[in-house]
Amino acid sequence: MDLTLVGQGLLSGLLFGGVYSLMAVGLTLIFGVMRVVNFAHGDMMVWGMYLAWLLATRAGLDPYLGFPLCALALFALGWAVQRGLVHRIVDAPHEMQILLMLGVALVLENAALVAFGPDPQRVRSELRSATVWLGPLFVDVARLVTFGVALTLTVALWLFLARTDLGRRIRAASDNPYGALVIGTDVARVYAVAFGIGAACVGAAGALVSPILPFQPAGGLSLSVASFNIVIIGGMGSLLGAFVGGLLVSLAESLGAVFLAPSMKELVSFSLLIVILLFRPAGLFGKRAT
Amino acid sequence: MTDRIRWPKLPRRAVLKGAAAGAAVLGFPLPLRAQAPVVKIGVVHPVTGPLAEPGQACRLGATMAAEAVNAAGGIKALGGAKLELIFGDTQTKPDVGRTEAERVINQGAQLLMGSFDSGSTAAMVPVVQQRRVPFLVDIAAADPITANVAKAVKEGQQKVQYVYRNFPTGSSFGAKAVTYFSEIFKEAGVAPKRVVLMYCNDLFGQNAAKGFQAGYAAAKPGWEIVDVIPWPEPPQDLSTEVSRAKAAKPDIIAPITRPASAQLLLPEIRKQRVEIMGIVGPGSPGLYEAGQLAVLKDDLEYVMSAVPWANFKNPRTQKVAEDYLKRSNGKTFDTNSGYSYDGIFVIADALERAKSVDPDAVVDAIKKTSYGAGLMQYAGPVVFNEIGDNPNAVTTMIQILGQKPVAVWPKEAALQKFVFPRPKR
Amino acid sequence: MTAPRLAAVAAVLVLAALPSVLSSYAVTVFIFIFFYAYLGQAWNIVGGYAGQLSAGHAAFVGLGAYASAMLSARLGLTPWIGMLVGGALAAALGALIGFLGFRFGLRGFYFVLLTVAFAEICRIVALNTEAVGGALGLYITFTGDPRHFQFQDNRMYYYVALALMLVATGIVAAIERRRFGEYLKAIREDENACEALGVNTFKYKMLAMVVSSFLTGVGGTFYAYYLFSLQPNAVFGIPLSVEIVIRPIVGGAGTVLGPILGSFILSPLGEVSRVYLSQGSWSGLHLVVYGVLLVLVVLFLPEGAYPAARRLLARRAR
Chain A
1 MDLTLVGQGL LSGLLFGGVY SLMAVGLTLI FGVMRVVNFA HGDMMVWGMY LAWLLATRAG
61 LDPYLGFPLC ALALFALGWA VQRGLVHRIV DAPHEMQILL MLGVALVLEN AALVAFGPDP
121 QRVRSELRSA TVWLGPLFVD VARLVTFGVA LTLTVALWLF LARTDLGRRI RAASDNPYGA
181 LVIGTDVARV YAVAFGIGAA CVGAAGALVS PILPFQPAGG LSLSVASFNI VIIGGMGSLL
241 GAFVGGLLVS LAESLGAVFL APSMKELVSF SLLIVILLFR PAGLFGKRAT
Chain B
1 MTDRIRWPKL PRRAVLKGAA AGAAVLGFPL PLRAQAPVVK IGVVHPVTGP LAEPGQACRL
61 GATMAAEAVN AAGGIKALGG AKLELIFGDT QTKPDVGRTE AERVINQGAQ LLMGSFDSGS
121 TAAMVPVVQQ RRVPFLVDIA AADPITANVA KAVKEGQQKV QYVYRNFPTG SSFGAKAVTY
181 FSEIFKEAGV APKRVVLMYC NDLFGQNAAK GFQAGYAAAK PGWEIVDVIP WPEPPQDLST
241 EVSRAKAAKP DIIAPITRPA SAQLLLPEIR KQRVEIMGIV GPGSPGLYEA GQLAVLKDDL
301 EYVMSAVPWA NFKNPRTQKV AEDYLKRSNG KTFDTNSGYS YDGIFVIADA LERAKSVDPD
361 AVVDAIKKTS YGAGLMQYAG PVVFNEIGDN PNAVTTMIQI LGQKPVAVWP KEAALQKFVF
421 PRPKR
Chain C
1 MTAPRLAAVA AVLVLAALPS VLSSYAVTVF IFIFFYAYLG QAWNIVGGYA GQLSAGHAAF
61 VGLGAYASAM LSARLGLTPW IGMLVGGALA AALGALIGFL GFRFGLRGFY FVLLTVAFAE
121 ICRIVALNTE AVGGALGLYI TFTGDPRHFQ FQDNRMYYYV ALALMLVATG IVAAIERRRF
181 GEYLKAIRED ENACEALGVN TFKYKMLAMV VSSFLTGVGG TFYAYYLFSL QPNAVFGIPL
241 SVEIVIRPIV GGAGTVLGPI LGSFILSPLG EVSRVYLSQG SWSGLHLVVY GVLLVLVVLF
301 LPEGAYPAAR RLLARRAR
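Chains as they are written, first to last, in this note's numbering: chain A, 1 to 290; chain B, 1 to 425; chain C, 1 to 318.
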């Protein structure tokens, strides 16, 4: 039992968890507020990555500085998708919404293919190779930064929802849309903003992750599936759940890679998912369904 | 309360008329036109989907080859017949692959070439066997594709084998790699002991890894595979896998990657400061392409990989590679484009000798092939054995030197001397 | 015979006569229309009528396919029987998933995720299990021998696929007419109310799941012996589950003709958009069109094409 290996596995898993958390926060917001399952989540993230790549290659902007622009662009996309598409079928049966987002996912993935080609890309950033050594263990600085940003973003989002007026209205509309309508909230606008924020989060995630993860148009699907895994385990609609869920899933996969064959590490997260679905579907931090 | 099925009052005549019209469009052959003789070849690759990059390379390679054949006068034995390529896209899906094979044959394809991924290729086998269309597999590694057909013919369940492959089979990749490893270590005068095999856990990776391990078991070389680390493809994170490799104290890391995983693996090896004599791959994509070099830069320097490669000592190859660089916006003429290019020439050569497009005559000619003008590195002329494979299709050890992939082993193919062990950073 | 019955018989006769005038390519297109309609119809039982959305039905296809392929390769068992074994194994998996999902009260999106998780687990296990070929998968030798569930003539496959589609449709029609169908529809509308009325929703949902997964498993054998190779990513993967689900949803989930109509709309659409829009640097554009069409259908024909068509014709009849 190589303790260094286990220790490194834990550390790497924890830090990479920041990446996962960042992906999941946007998704949980969208689902928590509107009960919309954003199947285009992974593909939106891939677009965030490509936008960061464009900024880096055309404008020389480092993704760690440029991610707010990506967030803004994805905000607009999310807002448009909600306002233009999802809102029209807000009363339709569940399958319709899933199918709609699947269609959006298809469009996004293949638009990226037409625009950027199929090759995997990666963004160059100064931070990419920096490492800090703690004895025999190493810390990947890029991942540390992403972890930090994920934490900050989650806290910022939480403060936004808890303290600001718009945030409160979003929470009200999510808890009780009819009631919110009654008191005069423009529910449609609130939903659009919420979707936009969720998309902005995932756009920022994509930008921040673009130096770490190679990305290609076909990668959206697995990112979506991973995000859903995290959000269910952590608890739909809970920011804390998304954050902790991301860390947990990453840790589980990392330890799975240490002790089992690494090619089976996804098995660990799916098994965890099933256990959570059966015994605590609200997830670790989600509200229990009444 | 029952809800009886209420059938729509569809005007039956409209339905039937529509169906007949559709059938006419789909069913009747294209109108004959008086024109110069033409041989139609169906060229089917995954030009969209996850394998779009190699698929598009294959299509471009085939296109350029057909243009070259036509510019040189076409198939003289058939009255100067030009090659006309009918393209198909498998989208890397077996059902689409089968449908595309049927479609190009319906549009008049008399021969078929394709299709890169083994699933789609296997789905096309029954089509060509049913329709009697000679099928040259330009790239696909799974051994059973040809072996199964050979077996069916031997056992009398099929009359003629229409499927032939001009590409190293999955099992031969691995065996050759083991030989190259030992030869290179000997030539360099060093004796690395510990090799860690790391591979992407998809069809190509698993197959190549199995082949490598089988070759290793058979050859019993002076070095040892001390750990085998597969990862799910495509991976999001390889830090733990590399930590595991490091814990095995390797002298050599032998990676089998895809472009995406290579972009994660190589920087990770550097970041974790894994002290090794070199990175020597048993053969995989991701370690030499222009796109990969642009992204990975120094991380790829001195990396070796045993891949099917073009013979750059041949001036013809250099010319074609230059053209390819221009037409593909900067890509290297490599395995994919190269084998598709050679595939068209092998077909043209068979047509010249068959002097006809009759399927059985063409198959006879293919079986007797001895084509020595290929652009790829072969261990002899292109020939086909009883299974339908080309035993002379081999791999070459290439190394990234000066940010360019160069053939370094075996000696007769080498353009430069290899650098091993790699210099300390 | 009533007019609708006559129309149905006429349609079947037309379909049966088509292969004699169609090219092999067109026959192949129809084979896939029928095959995916069959899988969609099987899904329709639990996803459309019972309203339990499963996005993991590929697991049943894969299980049935691998089972019959392995039984044929190792024991020489003819796939005509192997398909029943495959179907039974798929039904067992369906029963497990159903039991876990329904006993633990998973509904809606949570049930969807459970099915996805199981399909992904099947995929990863198959990918890593040497005995079933791992990532390389299984390759089936083409012999053209009917005893091996293979045919030298493409048109025979057409009739098999057509028969599968008709059988599944017949089963769904029978379910629709009986009380079983009523219960399923009631459960889909309001499961809580059903339970309050004392209906054993668990039993009916389980039954729907088992029948659906059995039929899907049988379909897996057709897949294996028409495409001749099984790879975990293709046969257990999410894209296949999506193909299965899309047809009934676009055509009309919970209706007898929905999956068939959906298949007749989507398959030719995919064909046309791939053939005409997949050239050179525009590769991928056809999938964009596919996605846009999907969005449009969802926005403007949410119940599916079939109920919308029915309403349109009813209005015209007035």
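Please note that the accuracy of each hint is not assured.
As the list claims (entries may be wrong) - According to the in silico footprint, chain B covers these stretches of chain A (three or more CB under 8 angstroms from chain B):
(1) 81–88
(2) 114–121
(3) 129–141
(4) 254–263
Unchecked claim - Simulated restraints, written as ranges between beta carbons of each label pair:
(5) A:Leu65 <-> C:Ala308: 49 to 55 angstroms
(6) A:Leu240 <-> B:Ala214: 46 to 52 angstroms
(7) C:Asn192 <-> A:Thr4: 50 to 56 angstroms
(8) B:Glu386 <-> C:Phe104: 30 to 36 angstroms
(9) A:Leu278 <-> B:Ser182: 26 to 32 angstroms
It should be emphasised that the hints constitute simulated quantities derived from the structure, not laboratory data. Glycine included, each C-beta is placed from N, C-alpha and C at the ideal position.
Within 50 to 56 angstroms or not, the Cβ separation of asparagine 192 of chain C and threonine 4 of chain A? 54 angstroms, holds
Could one say that the CB atoms of leucine 240 of chain A and alanine 214 of chain B fall in the range 46 to 52 angstroms? Hint holds: Cβ distance 50 angstroms, inside 46 to 52 angstroms.
Please verify the coverage claim for the segment 81–88 of chain A: does it have three or more residues whose C-beta sits within 8 angstroms of some C-beta in chain B? violated (count 0)
Assertion that chain B covers the segment 254–263 of chain A - criterion: three or more residues, beta-carbon distance below 8 angstroms: Since three or more residues must qualify, the claim that chain B covers the segment 254–263 of chain A holds, with 6 doing so at under 8 angstroms.
Establish whether the coverage given for the segment 114–121 of chain A by chain B is satisfied; the threshold is a Cβ-Cβ distance below 8 angstroms, and no fewer than three residues must meet it. holds (count 5)
Return holds or violated for the Cβ distance of leucine 278 of chain A and serine 182 of chain B against the range 26 to 32 angstroms. 53 angstroms, violated
State, for the Cβ atoms of glutamate 386 of chain B and phenylalanine 104 of chain C, whether the hinted interval 30 to 36 angstroms holds or is violated. Violated, since glutamate 386 of chain B and phenylalanine 104 of chain C (Cβ atoms, about 57 angstroms apart) do not stay within the stated range.
Supplied distance hint 49 to 55 angstroms, evaluated on CB atoms of leucine 65 of chain A and alanine 308 of chain C: 50 angstroms, holds
Between the segment 129–141 of chain A and chain B, are there enough contacts, at least three residues with CB-CB distance under 8 angstroms, for the coverage claim to hold? holds (count 4)
Consistency with the previously given hints fails for numbers 1, 8, 9, ordered from lowest to highest.
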